[in-house]
Amino acid sequence: MNTFKLLTFLTLIPELKDMHKANISVGREAMKTLQEMVEKADTLGIRVEKLKGGSTLLDCGFRALGSIEAGRLIVKICMGGLCDVRITWMDFKDFSLPAVEVRSDNPAIAGVGSQMAFWRIPKDIAGSLLGDSEGLASGPARALAQIPKEFYEKIGYKDYVDFAILVIQSDKFSIKDFPAESISEHVANECKVDLKNVYLILVPTASIAGSVQIAGRNLGIGICDSFFRILDYDVKKVKYGIAISPIAPVVPDDIKSIGINNDMLMYGSRNFFAIYSEENEDWEDIIGKMVVENSPDYGKLYAEMFIEAERNFSKIDYRNYVPSEMVINDLRTGKVYRAGKLRPDLLLKSIEKNAGFFTHVGKNQ
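Each residue of the sequence shown is one higher than the last, beginning at 1 in the working numbering.
Read the hints as simulated data drawn from the structure, not as lab findings. Warning: the hint list may mix true and false statements.
As the list claims (entries may be wrong) - PhoX-like cross-link-like pairs, simulated, lysine-lysine; straight-line CA separation at most 25 Å:
| # | residue 1 | residue 2 |
| --- | --- | --- |
| 1 | K123 | K32 |
| 2 | K154 | K192 |
| 3 | K300 | K237 |
| 4 | K256 | K154 |
| 5 | K237 | K289 |
| 6 | K192 | K256 |
| 7 | K123 | K93 |
| 8 | K289 | K335 |
| 9 | K349 | K300 |
| 10 | K289 | K300 |
What the hints assert, rightly or not - Quick list of the computed label-pair ranges, beta carbon to beta carbon:
| # | residue 1 | residue 2 | range |
| --- | --- | --- | --- |
| 11 | D162 | Y276 | 47 to 57 Å |
| 12 | T333 | K196 | 20 to 30 Å |
| 13 | G288 | T333 | 32 to 42 Å |
| 14 | K349 | P252 | 16 to 26 Å |
| 15 | E281 | G356 | 21 to 31 Å |
This structure is a prediction, so every number in the text was calculated from the model and none was measured. Virtual Cβ for every residue (Gly too), placed ideally from N, Cα, C.
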């Protein structure tokens with residue numbers, strides 16, 4: 001390649017950086033994992049049911065027990081298949097917990113475009129899905145329905161497939177009362193697909209799959225809440241990310257389960273992102289706004305906030321839905337920035353308050 005052609009090519013690099021994203025389909029990638037779940041339903045401890053009209057329901061923790069692996073696969077589906085998910089451990093000073101590590105080279109589309117629960121299923125359709133709250137839904141169907149539209153306009157993304165996959169997180173209720181058909185019809189209408197091409201994944205908060213998939217929202221809260229909502233940052237400049245957070249113990253109580261799961265994210269999540277900044281961005285100052293210690297509620301346990309908010313997620317300050325610790329590598333300058341810290345003391349307090357924590361002391365100790 002001669003010098004002129006090389007220089008011409010190099011000037012196009014900023015535009016070329018994101019061209020591959022036009023060919024990404026979160027629905028198509030997620031379908032690969034969904035098919036795996038259907039094929040391995042017995043091994044995963046889940047139930048697959050055909051509903052009236054032909055839509056499909058994957059029960060991952062109500063009439064089925066679910067599993068750690070089911071939760072891991074749900075994380076992949078929520079992120080539109082654009083991530084790697086690994087079960088590992090986090091060691092704290094006096095205790096250890098299993099953890100979920102998530103990595104993505106497409107964090108903007110995976111997080112803002114698919115994972116985050118920005119689809120609120122109306123109360124008249126969701127029924128008693130989350131008590132007095134609207135139903136929380138996430139996953140690749142959002143990119144079809146463009147919910148919320150302004151988010152997709154900002155990231156410049158829309159999916160084009162003829163099926164819809166939606167993950168619904170819920171409190172416990174009688175499976176007979178679950179409005180599966182009405183939700184399926186709602187999803188089909190919003191996504192403009194045939195009812196038979198709707199796939200619902202139902203996962204209760206108080207279940208092993210629920211604990212795993214909530215821990216797996218660690219990368220999503222960093223990209224969606226820290227970058228997108230708090231900073232109003234152009235997330236297309238975020239090139240890749242890695243996050244880790246502990247898996248909450250399963251607690252058979254809805255309020256305590258919601259509390260302990262969110263505490264694990266608030267006080268136990270670590271995020272790392274690589275960005276390509278602009279020259280006028282002062283990350284020494286900016287990064288401090290991206291972590292939970294910037295919240296006015298910092299130090300409180302989530303169950304307390306949830307009760308104060310009358311059990312309505314939307315009434316809780318969104319600065320509580322961000323990581324404990326944030327590290328950013330600026331690819332333009334090479335600099336690394338860090339803010340926040342893990343709070344093992346509050347993790348332990350949450351476990352003691354919501355679940356109970358007992359340590360056996362041996363005879364020789």
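Hints and how they fare:
1. K123 x K32: violated, 31 Å
2. K154 x K192: holds, 22 Å
3. K300 x K237: Judged against 25 Å, a Cα distance of about 33 Å means the pair is violated.
4. K256 x K154: Distance of about 36 Å is beyond 25 Å: violated.
5. K237 x K289: Distance ~18 Å between K237 and K289 Cα, so the pair holds.
6. K192 x K256: violated, 37 Å
7. K123 x K93: Violated, because 43 Å separates the two Cα atoms, which is more than 25 Å.
8. K289 x K335: holds, 18 Å
9. K349 x K300: holds, 10 Å
10. K289 x K300: holds, 18 Å
11. D162 x Y276: 47 to 57 Å: Violated - the Cβ-Cβ distance for D162 and Y276, about 35 Å, lies outside 47 to 57 Å.
12. T333 x K196: 20 to 30 Å: violated, 52 Å
13. G288 x T333: 32 to 42 Å: violated, 18 Å
14. K349 x P252: 16 to 26 Å: holds, 20 Å
15. E281 x G356: 21 to 31 Å: Once the Cβ atoms are compared, 46 Å apart, the range 21 to 31 Å for G356 and E281 is violated.
In summary, the structure is inconsistent with hints 1, 3, 4, 6, 7, 11, 12, 13, 15 from the numbered list given earlier, while agreeing with the others.
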